[in-house]
Amino acid sequence: MNLKNKILPGIAALGLLIAVVVAIQAEQKTPPAQPVAQPAQAPFKSYIGGAGLIEASSNNIHIGTGLAGIVKTVFVKVGQPVKAGAPLFHIDDRELQAALLIKDANVLKAKAAVEEARATLEDARSQYALVSSAGDRRAVSIDDVQKRRNAELLAKARLESARAAVIASDADVKSTRTGIERLTVRAPIDGEVMQVNIRPGEFAQAGVLSTPLVMMGNLDLLYVRVNIDENDAWRFKPQTPAAATMRGNRDLKTMLSFVRVEPYVTPKQSLTGASTERVDTRVLQVLYSFRRDALPAYVGQQMDVFIETPELPTPVVPLAVAREEGK
Amino acid sequence: MFQIALKMLFGDRGKYFGIITGIALASLLMIQQPGILISIFSRTYSFISDVALPDIWVMDPMVKYVDDSQPMLDTELYRIRGVKGVEWAVPLYKGNQRVRLADGQLVGSNLLGLDDATLIGGPAVMLKGRLADLRLPDAVIVDEAGATGRLAKPATTPEGKPTPLQVGDILEINDKRALVVGIAQARATFQSQPIIYTTYTRATSFALSERKQLSYILVKAKSDESLQTVARRITHDTGMAARTAQEFKDMTFRYILNNTSILTNFGFVVVVGFIVGAAVTGQIFYNFTLDNLRYFAVFKAMGATDRMLRRMILLQALLVGFVGFGLGAGATALFAAATRGRAGLSMTLNWELLVGSGIAVALIVLFAALISVRKVLRLEPAVVFK
Chain E
74 MNLKNKILPG IAALGLLIAV VVAIQAEQKT PPAQPVAQPA QAPFKSYIGG AGLIEASSNN
134 IHIGTGLAGI VKTVFVKVGQ PVKAGAPLFH IDDRELQAAL LIKDANVLKA KAAVEEARAT
194 LEDARSQYAL VSSAGDRRAV SIDDVQKRRN AELLAKARLE SARAAVIASD ADVKSTRTGI
254 ERLTVRAPID GEVMQVNIRP GEFAQAGVLS TPLVMMGNLD LLYVRVNIDE NDAWRFKPQT
314 PAAATMRGNR DLKTMLSFVR VEPYVTPKQS LTGASTERVD TRVLQVLYSF RRDALPAYVG
374 QQMDVFIETP ELPTPVVPLA VAREEGK
Chain H
-12 MFQIALKMLF GDRGKYFGII TGIALASLLM IQQPGILISI FSRTYSFISD VALPDIWVMD
48 PMVKYVDDSQ PMLDTELYRI RGVKGVEWAV PLYKGNQRVR LADGQLVGSN LLGLDDATLI
108 GGPAVMLKGR LADLRLPDAV IVDEAGATGR LAKPATTPEG KPTPLQVGDI LEINDKRALV
168 VGIAQARATF QSQPIIYTTY TRATSFALSE RKQLSYILVK AKSDESLQTV ARRITHDTGM
228 AARTAQEFKD MTFRYILNNT SILTNFGFVV VVGFIVGAAV TGQIFYNFTL DNLRYFAVFK
288 AMGATDRMLR RMILLQALLV GFVGFGLGAG ATALFAAATR GRAGLSMTLN WELLVGSGIA
348 VALIVLFAAL ISVRKVLRLE PAVVFK
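Note that the protein sequences, when read in sequence, are chains E and H.
Going by my numbering, the first sequence opens with residue 74, and the numbers climb by one from there.
Going by my numbering, the second sequence opens with residue -12, and the numbers climb by one from there.
Keep in mind that the hints were calculated from the coordinates and are not lab data.
Since this is a predicted model, take the numbers as computed values, not measurements.
All residues carry an ideal CB built from backbone N, CA and C; glycine is no exception.
Please note: incorrect hints may appear among the correct ones.
[To be verified] Partner residues aside, some chain H positions facing chain E, computed with beta carbon under 7 Å:
| hint | residue |
| --- | --- |
| 1 | 58 |
| 2 | 62 |
| 3 | 69 |
| 4 | 71 |
| 5 | 72 |
| 6 | 75 |
| 7 | 105 |
| 8 | 107 |
| 9 | 110 |
| 10 | 115 |
| 11 | 320 |
| 12 | 338 |
| 13 | 342 |
| 14 | 346 |
[Unchecked claim] Derived lysine to any residue pairs resembling SDA-like cross-links, with alpha carbons at most 20 Å apart:
| hint | chain 1 | residue 1 | chain 2 | residue 2 |
| --- | --- | --- | --- | --- |
| 15 | H | 2 | E | 80 |
| 16 | H | -6 | E | 83 |
| 17 | E | 118 | H | 305 |
| 18 | H | 209 | E | 108 |
| 19 | E | 156 | E | 135 |
| 20 | H | 71 | E | 119 |
| 21 | H | 71 | E | 308 |
| 22 | H | 207 | H | 195 |
| 23 | E | 79 | H | 0 |
| 24 | E | 79 | H | 305 |
| 25 | H | 71 | E | 382 |
| 26 | E | 118 | H | 71 |
| 27 | H | 199 | E | 340 |
Input sequences plus hints: build the corresponding full structure.
See below:
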């Protein structure tokens, strides 16, 4: 076997070697992609899962105004704690202030009118006294006596009327002052300002708005509104413990204490924040609470919540499976 | 004696190369065609293989294979999380959306929405950028084949070549802005569409508005129970179809097998390769033995035993078998290595295929040796004097 004859088997051996190498490489598996964060895990044996949305324990209060107008001053900043009754913002009140000046003047006018009426009454009274005290009835005509008595009665009535006008104008002033007071919107409870969506110079509309002028709430205790699919609602038992996990880091979790069940099952909104929120199913809403310092959580944030349930006693066969098995 | 047998073989160059070429071509056909077939089949479930982390896939009971997503309600995710034995469950959006390129061309692409918090289901190998960058606004990650292929930026001049997508480029998905933050390596899919990764919520806002958006729920089972048990329990408790990753792969594979004629086409070529290989090789080898009959007669006359003659022919047959198979396997291996990871045609060369085709080649050469041995054994030593 000379060199020439060894070439082809040599190439063949090389080819086979390459084939074996390629085949070995094909066996190697690429490692799976590792998650950026570990997914949430339930700390219970038997549980139901739900999407939770954090809210203030007082609910998120969307502050509105009863009177529309241009905002003059905003007294609070976002994140500022406020006491009940503290002013939040003030709407331009020049129109009502001007009206108040007129109405104050009207009070003075009405008071002057009272003095005038009183003087008239005095006059009428003395005129009448002159004739009524005369001993001889023939000295004055009956006609004159009656005229003077009526004049006195009329003057008395005018005085009453003038006094009423003073009260009325006083009330008018008070009404305008209330109107001015209403232009300052105040905090209804102790809490923290979560949003300020109005700035001086902007027009504040009265009524229910999609973006609140100011949002505030009591944040000492945070509530988690948990949406439970209506298909799982029967498994939920009130007063059972629950755990909430922060999204993105499952080590940040806290136990929740039960607050209440919303007795009305509402249509669920996908929490996409998009303008076209989709309603896809109905959910039972359950409120749980946790202390604010337990987690670095913010109002409006979503959480993964697990609620402990008793173990399923008997298997419940849903319709779709029953149909499948019946085939 | 074996030296002489080899000398006989190498002496007749024409026939030697003829046999080797025959076997090399037969083994080429028998390795390459099934290799391409395996590659195509593995693409049918390549997506399930890529998303390697979850054990169980939960889907609508009507889903027939992986690309046939039948969306479910978003709240099903939380029902699945409440099933016993589920360690975690995350949503996955999978759908086809059209991407508009800079020149207005629309390209159908596979949009994948990964769980926002964990990004489970993401690509294993990032070529550029980081998976966590998906949390940036409007961020998407494009697979390499798509970035260099169908989603590449169109050429500015008519003759120019399209430039591959880079990190920082902008795409338009259903009129919405998408920022490319990474290029990933993903296994090619059966439909060979570009793959675009993004987060679940962003995918649902990219997608045309539908009432249901959740394609799959990816579940990791607790380790103390078998996957089947947990999957059956999920199906039982929620009415959703839960399949282990292997079951889902098998189901997808069966669907493609039953609904396309790929297997028949490739199988036919393999059978033809075997028959032609056997016929050609057998024929030439037999001819070669006939030509050398005189020498075998001489050996017989010199007193060579039947056993020795058989061994000589077997040696010749095995050598040509080895050389032919080595050349064929080497050529296909180079082809496999060259096409690996490509979006277009590619083939998979694995152990089973190599051993199987080796056995087939061995059968061919043994068959050729058998008919030659029969002729030689019946030979009268007197032939040498004719």
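The hints, checked one at a time:
no.: 1; hint: 58; verdict: violated (10 Å)
no.: 2; hint: 62; verdict: holds (4 Å)
no.: 3; hint: 69; verdict: holds (4 Å)
no.: 4; hint: 71; verdict: holds (6 Å)
no.: 5; hint: 72; verdict: violated (10 Å)
no.: 6; hint: 75; verdict: holds (4 Å)
no.: 7; hint: 105; verdict: holds (4 Å)
no.: 8; hint: 107; verdict: holds (5 Å)
no.: 9; hint: 110; verdict: holds (6 Å)
no.: 10; hint: 115; verdict: violated (15 Å)
no.: 11; hint: 320; verdict: holds (4 Å)
no.: 12; hint: 338; verdict: holds (5 Å)
no.: 13; hint: 342; verdict: violated (9 Å)
no.: 14; hint: 346; verdict: violated (14 Å)
no.: 15; hint: H:2 with E:80; verdict: holds (17 Å)
no.: 16; hint: H:-6 with E:83; verdict: holds (17 Å)
no.: 17; hint: E:118 with H:305; verdict: violated (65 Å)
no.: 18; hint: H:209 with E:108; verdict: holds (17 Å)
no.: 19; hint: E:156 with E:135; verdict: holds (16 Å)
no.: 20; hint: H:71 with E:119; verdict: holds (6 Å)
no.: 21; hint: H:71 with E:308; verdict: holds (13 Å)
no.: 22; hint: H:207 with H:195; verdict: violated (30 Å)
no.: 23; hint: E:79 with H:0; verdict: holds (13 Å)
no.: 24; hint: E:79 with H:305; verdict: holds (15 Å)
no.: 25; hint: H:71 with E:382; verdict: holds (11 Å)
no.: 26; hint: E:118 with H:71; verdict: holds (7 Å)
no.: 27; hint: H:199 with E:340; verdict: holds (14 Å)
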